[in-house]
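Student: Residue-level listing of the chains:
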Amino acid sequence: MEKNVDINVTVNGQSVSRRVSARTNLVDFIRYELELTGSHVGCEHGVCGACTIRVDGNIVRGCLMLAAQVDGANVETIEGVSDGGEISDLQDEFLKRNALQCGFCTPGFLLTAQELLSENPNPSRDQIREFISGNYCRCTGYQAIVDAIETISIQRKPK
Amino acid sequence: MKPAPFSYMRVKSLEEAFDLLEEYGDDARILSGGQSLMPTLNMRLSAPKVLIDINQIDGLSDIEVNNGKVTLGALVRHNQLISSDIVTKHLPLISKAVPHIAHHAIRNRGTIGGSIAFADPAAELPAVAKASGFIFTVKNRNEERKIEAEDFFLGLFETNLKETEILIAIEAPTLQQNEKTAFVELSRRQGDYAIIGLAAQSIVENSVFKNVRLAYFGAGDKPIMAKQAINLLEGKSYSEEVVLEAQKALEADLSPMDDLNGPPEMKMHLARVITARALADLIS
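Protein chains in written order, with this note's numbering: chain A, 1 to 159; chain B, 1001 to 1284.
Same shape as in the complex, but just chain B (with noise of 0.2 Å):
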């Protein structure tokens, strides 16, 4: 299908896009690499009044290592983060993550920020953010605030972006010493969005888990931090116990919905298959 009517304005500059976003509030939508905007237009499940094309600001597609944490435009595209050697260095969960994102000229498009900001339940780069961490710098013409990744997701494609403010960046932590990382996805073809998925973070040493986060995609209305089996798992050694308490852990973290890939008992099962994986992931 073809996209309804709307108007589009190419900006040059965050303040431009200030002004036309204070000027159509929700009727306007950001552009950004356009990979899910664009496909949601096609099909007219949304029909904003103005896209606001942010592609051309200068200064937001840059990945800068500084004091303990890497820093990444919101335009950085995903293609860009595979080849780039300060992520591969210290933000290995990223890597494992951005080659699950659908495919490759999907990928020379797609941007960070924009999957962040679109909050998509079954997308990896949320998942990422919760467990690794990650806060994002938003910003409208008077202020500039941090959210927290843990704060950020609030719903089904809903953040805690106001209206009038655009996602400009994301900070990630660098990996501490003995922090290791695992990122399992699973999908019926490559590329397609996950049934389920996680994105597991902890430091671990002598096989114990310290610091531990995952984060389940594809299992709710958000990207789910396990509290319950993180709990169970902060300060264990890695055991086959220990694993089957964590996979049992989970009943009272996650409850997936229906969808077309299959029944809630079915998610809940591959659930704690890719927990095990993650989990032997980690200590390898």
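In isolation and in its complexed conformation, chain A is listed as follows (with noise of 0.2 Å):
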């Protein structure tokens, strides 16, 4: 029986090819095998979204897919959906209104903001409440993070 797992990924656009052990999770292998320390390590039972990770376009748990899972997939990270300035507004509006303290939380919660305008450009401040509830901030609690995410969707409304 293998215990070891051969992927091909896309990570930020650039083809990875690596063999894996079996029980690596996707953001132990971004981090440790990748080098790429933007997505964080909070819990490792899906509860505080540190590790908020894109597979293929979505949202996910890197805590809760194995690396072997996304052989074939595009994993988008903190690092190349902050290069490539698509939420470059967000983090501007995250900083200018301390909406991050120590920043652990913020890769994570910037991914789900950003999946959240994607999907709903206009949501209600209960609808930003109620998307981003799987991510914790234990630093400025979330009054700043709402209004934050609330003053992008409204800037990005084409004028």
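Simulated from the structure, these hints should not be mistaken for lab results.
One or more of the hints may lead you astray.
To be verified - Taking lysine-lysine pairs in the DSSO-like style, the calculated list, with each CA pair at most 30 Å apart, reads:
| # | chain 1 | residue 1 | chain 2 | residue 2 |
| --- | --- | --- | --- | --- |
| 1 | B | Lys1096 | B | Lys1069 |
| 2 | B | Lys1069 | B | Lys1162 |
| 3 | B | Lys1227 | B | Lys1162 |
| 4 | B | Lys1002 | B | Lys1049 |
| 5 | B | Lys1210 | B | Lys1227 |
| 6 | A | Lys3 | B | Lys1049 |
| 7 | B | Lys1162 | B | Lys1012 |
| 8 | B | Lys1162 | A | Lys3 |
| 9 | B | Lys1210 | B | Lys1180 |
| 10 | B | Lys1096 | A | Lys3 |
| 11 | A | Lys3 | B | Lys1210 |
| 12 | B | Lys1012 | A | Lys3 |
Note that the structure is predicted; figures quoted are calculated from it, not measured.
Put the complex together from the two separate chains, hints included.
Tutor: This is how it looks when you write it as structure tokens:
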């Protein structure tokens, strides 16, 4: 029985081929093997949202998928999404409103907020709160984060 | 924590999966969405020797409506249920329940088949399955069986599935005329497992309940149909007195256990509260 698995995966636009241990989860693979440390490891059982990563265009928990499962997939981490400029307005607004303090949860919040705004460009504050309910922040509380997401939803609307 | 070592097999067909199940038996686990399985592995509550990843099997992710029933492939993901017009139109109880399941990122992965087969007594979809009378198609190499939701859940994380079988599809009857649904869940935070919840379905004609089904979750070791309360409501017209009697009848139906959320008395109180809310919702 093979306890190692060969995978070919696109990460932030680059193809990567690696042999991974079957039990390595996606976020550990991204951090330790690819040295992309913007995705964080918090609870390791799907509660905190710090390990949020995009797989084939949708956000997932990086701790609840195996690296072996992304063979053939398109993976985007906070590094790729940030460098591409897609969320620069959200990042600026988080900074402006003190919607982050230690920054541990921030990559997860940004990717989650971006998915919300791509699915629902005009969310109410309640809908924002519901959507980010799977991401924990232990520093600032959520008021400033909701404010930042709401502001960007308004700013992004076509004039 | 990190999971104990295991082997990982990605299968492209059910036949391959059956081969592995026959070879490894109880040492193997099916990996579907993984949103319940992976936490149990990470916390080492479970340590299977082999994971059989069925995510790449074709034909298990479809939603179809035909002759009064909707067929859902076992790999249909929770967010697929939310965005499906067929589900919104024909299976409103699912539409009401799924937003309560965890959070968006988890709903991107979690599957209906996985939720049913995992059989967490506090999970939403097993209760919905009972309330709406779903029928499960399970298969091994030699035979295909249909199991009614009522007979499927045996106890805590325990189902009628045999070691060599895989749940492949869920059949859900479309709503009949005047059939109403209600879903009430109490949890401390959005997305948490329920303290207690209720999936309810009934035909309502002139405020009279017919073919009532009340399935409670977080109220025992499996989703529970409240038979006494159901009998009491059947054929009755909605009134404050009838609600009170149904609430009283629950004493014989439910015996919730003490858990982190609180003592059994608190759960019984909350069961009465959500029953009143659900019945009012069915009527409205």
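Student: Evaluate each hint against the coordinates.
Tutor: Going through the hints against the structure:
1. Lys1096/B x Lys1069/B: Holds - the C-alpha atoms of Lys1069/B and Lys1096/B are around 18 Å apart, at most 30 Å.
2. Lys1069/B x Lys1162/B: At roughly 26 Å apart (the allowed maximum being 30 Å), Lys1162/B and Lys1069/B satisfy the hint.
3. Lys1227/B x Lys1162/B: Between Lys1227/B and Lys1162/B the Cα gap is close to 27 Å, so the pair holds against 30 Å.
4. Lys1002/B x Lys1049/B: This hinted pair holds, its Cα atoms lying about 15 Å apart.
5. Lys1210/B x Lys1227/B: Holds: Lys1210/B and Lys1227/B sit about 14 Å apart, inside 30 Å.
6. Lys3/A x Lys1049/B: It holds: about 10 Å lies between the C-alpha atoms, which stays within 30 Å.
7. Lys1162/B x Lys1012/B: holds, 21 Å
8. Lys1162/B x Lys3/A: holds, 26 Å
9. Lys1210/B x Lys1180/B: Cα-Cα ~10 Å, so holds.
10. Lys1096/B x Lys3/A: violated, 41 Å
11. Lys3/A x Lys1210/B: violated, 55 Å
12. Lys1012/B x Lys3/A: holds, 19 Å
Violation of the numbered hints given earlier is confined to hints 10, 11; the remaining hints are satisfied by the structure.
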